[in-house]
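> Model the full structure from these sequences, guided by the hints.
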Amino acid sequence: MTRTPQPVPTPPPAPDAQAEELRAATHGPATPDTLPHHLALVCSQFARLAARRSEVGVGSVSWRVVATIERLGPLRLSEIAERERVSRPTATTVIKRLEEEGLVRRESDPTDSRSSLVSTTEAGSAQLAAWRAQLAEGVGSLLQTLPSEDLETLSRASEILAGLLESHDR
Numbered sequence: 036m037t038r039t040p041q042p043v044p045t046p047p048p049a050p051d052a053q054a055e056e057l058r059a060a061t062h063g064p065a066t067p068d069t070l071p072h073h074l075a076l077v078c079s080q081f082a083r084l085a086a087r088r089s090e091v092g093v094g095s096v097s098w099r100v101v102a103t104i105e106r107l108g109p110l111r112l113s114e115i116a117e118r119e120r121v122s123r124p125t126a127t128t129v130i131k132r133l134e135e136e137g138l139v140r141r142e143s144d145p146t147d148s149r150s151s152l153v154s155t156t157e158a159g160s161a162q163l164a165a166w167r168a169q170l171a172e173g174v175g176s177l178l179q180t181l182p183s184e185d186l187e188t189l190s191r192a193s194e195i196l197a198g199l200l201e202s203h204d205r
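Add 35 to a position in the sequence shown, counting from 1, and you land on the number used in the numbering used here.
Keeping only pairs whose Cα atoms sit at most 20 Å apart, straight-line, the calculated DMTMM-like set for lysine to aspartate or glutamate is:
{"hint": "1", "residue 1": "K131", "residue 2": "E142"}
{"hint": "2", "residue 1": "K131", "residue 2": "E117"}
{"hint": "3", "residue 1": "K131", "residue 2": "E157"}
{"hint": "4", "residue 1": "K131", "residue 2": "E114"}
{"hint": "5", "residue 1": "K131", "residue 2": "D144"}
{"hint": "6", "residue 1": "K131", "residue 2": "E105"}
{"hint": "7", "residue 1": "K131", "residue 2": "E119"}
Note that these hints are calculated values from the structure, not bench results.
Following this line, the structure appears as structure tokens:
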């Protein structure tokens, strides 16, 4: 009597690799050894979630560049590339597009005629405010599900990270 081989059940699809990595990295409290990895993954996931929920409609590099210029004042292209951790050609492309959209402008650097300084325009500042409002609306409902103590903790952690990054970028 010959047995007919039974079909092997199809295994369930593999979980999203990033989601699995995030679950593994965030399982349990972070330790000093795992905290850098934990923060990098969680911040990356949160940024993607915020982008999806906010419908900002531009790449994150674009609004980050406008926000950086708005916060720090006129910057050289090389400074923008360095601060945003992008290549100089990428920064050039982003600035050119933002300039065409009227969100930033380039002016001669008074200290170096070979360079230009990039600053935000009034339209750029207004657009940045609109992007921030969309982000707040898109992610605000999620954050509001947290207890007030957790919101305060996240706010404080955000301030600590911002201060750390600010002092590192100097």
